[in-house]
Amino acid sequence: MSATTTSSLLELQQVTKQFGTTTVLQPTDLQVRRGEVVCVIGPSGSGKSTLLRCVNFIAPPSTGTIVFDGAEYKPPTDHRWVPALGMSEEKRLTRLRSEIGMVFQQFNVFPHLTVRENVALGCRKTCGLSRAQANERALAELTRVGMAEKADAYPERLSGGQKQRVAIARALALDPKLMLFDEATSALDPELVNGILAIMRELAEGGMTMMVVTHEMRFAMEVADRVIFMDRGAIVEEGTPEQFKAPQHERTQTFLRSINHG
Amino acid sequence: MIAVLPFAFDYSVVSEHSGELLRGLLLTVEVAACGFALAAVLGLPLALAGRSRTPLLRIPATMWIALARGVPLLIVIFWLYYAAAQEGLFSLTAFIAGMLSLGLTGSGYMAEIYRSALSAVPTGQFESAAAIGLSRAQAFRVVILPQALRTAIPPAMNTFVMLLKGATLLSVIGLADMFYAAKLVAVNEFKPFELYTAAAVLVIAVTLVAAIGSGLVERRLSKGVRR
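Quick mapping for you: the protein sequence lines, in order, are chains A and B.
Position 89 (the first sequence) corresponds to 950 in this note's numbering; numbering is contiguous.
Position 84 (the second sequence) corresponds to 311 in this note's numbering; numbering is contiguous.
Rather than coming from a laboratory, the hints here were simulated on the basis of the structure.
Each hint can be trusted.
Think about it this way: if two alpha-carbon atoms lie no more than 25 Å apart in a straight line, the pair counts; the simulated SDA-like pairs of lysine to any residue are:
| id | chain 1 | residue 1 | chain 2 | residue 2 |
| --- | --- | --- | --- | --- |
| 1 | A | 1038 | B | 353 |
| 2 | A | 1011 | B | 448 |
| 3 | B | 450 | A | 1010 |
| 4 | A | 952 | A | 928 |
| 5 | A | 935 | B | 279 |
| 6 | A | 935 | B | 365 |
| 7 | B | 410 | B | 245 |
All values reported here derive from a predicted model rather than from experimental measurement.
Can you make the complete structure from the sequences, with help from the hints?
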């Protein structure tokens, strides 16, 4: 047990997710080492996003345990009658989320805040930085993603690629231990994709632990330490990019063929 | 214009009594504004309770909203002013009874407005707020509510106009509002047409001013969002 907690940053033990009677994530075990880049591929509806959202409890798992940085997290109890009873549990999960950055397919930048405020908000509310310190921090992160000169603009003025850069800066501003990318380039115009991928590549090279749900096979093959193929809510096959050049499982072969010729 | 009318419109009777009418108007606007403020303040917790997962909050809130929207304003006014006093429950001044009636009735409408405005905020906003470690309360305060309020302004404006028009009913409990003044002059001077027209014009004028005001507020809150 102690061996796993020191080497792996994240560990999923028999994690499942149900929506009503539909199971979207079968019992799943997964370990992610510190500094590792794990790319998750698979057809839509295969549970890739759900897996990611279970990790930071944005969609809390139905059963199972998640160990992050040595601390154990279980699905929160449903205090339907007296929600106040769930407060301490909720607080713990809120702290967990502040240690994990997440980037969404639809960017989800806050439209009513400027670019700088978008990035500074998390620092101000969760790290207890003053407004000035948070703004400084935000500007540093914006510089890193090449968006410093847009600091005072509102998101509506930005292109999709620029919004996604802001979203990445917003996640990085909290100095996360793990970054989750949920199809971060899927909603972008083709010519904007590479800019975002370059930032992600740079992050990976800088030693960031990352879980990346993506359809960009070239990126996965070049950047990932490990590739996971999911189908129908379960991990079908996992291995190094090298191993994925000759996948074992038939379902994986079909999927890779279809996207390479699609 | 005047020649078209089958009778003469006597402006002088309106201008002679303009002082009373305007004083009454001020009271009408005051009671409507206080009622609206009460409705706006009560509406938000009601909307939240109505969306709550716990039945302990949801059921009473849903009942409150149904009652507030379903019971005619005139009955609420009579109940608060006459019926409650008659039964020895409490006795209120006409202004307070009026403000409460408008506020309670309006709270149901405002709750529904907040509810739909809150559900109009994309779920991705909740998720990304949670993902940067904001607690539910923080996410609501800094991310969700500001966006919801913007959508709530135009329908909230409708509620204000509804309450302003409803405020003219308060003359029945003797509140010396604009309509009360108009009625008094109309009866004394035998000029109902002139006075009731003046009353209507005054209410419309206030409605217009309020519409312009809400437009300004909306523009302020829509910073960063072109509409």
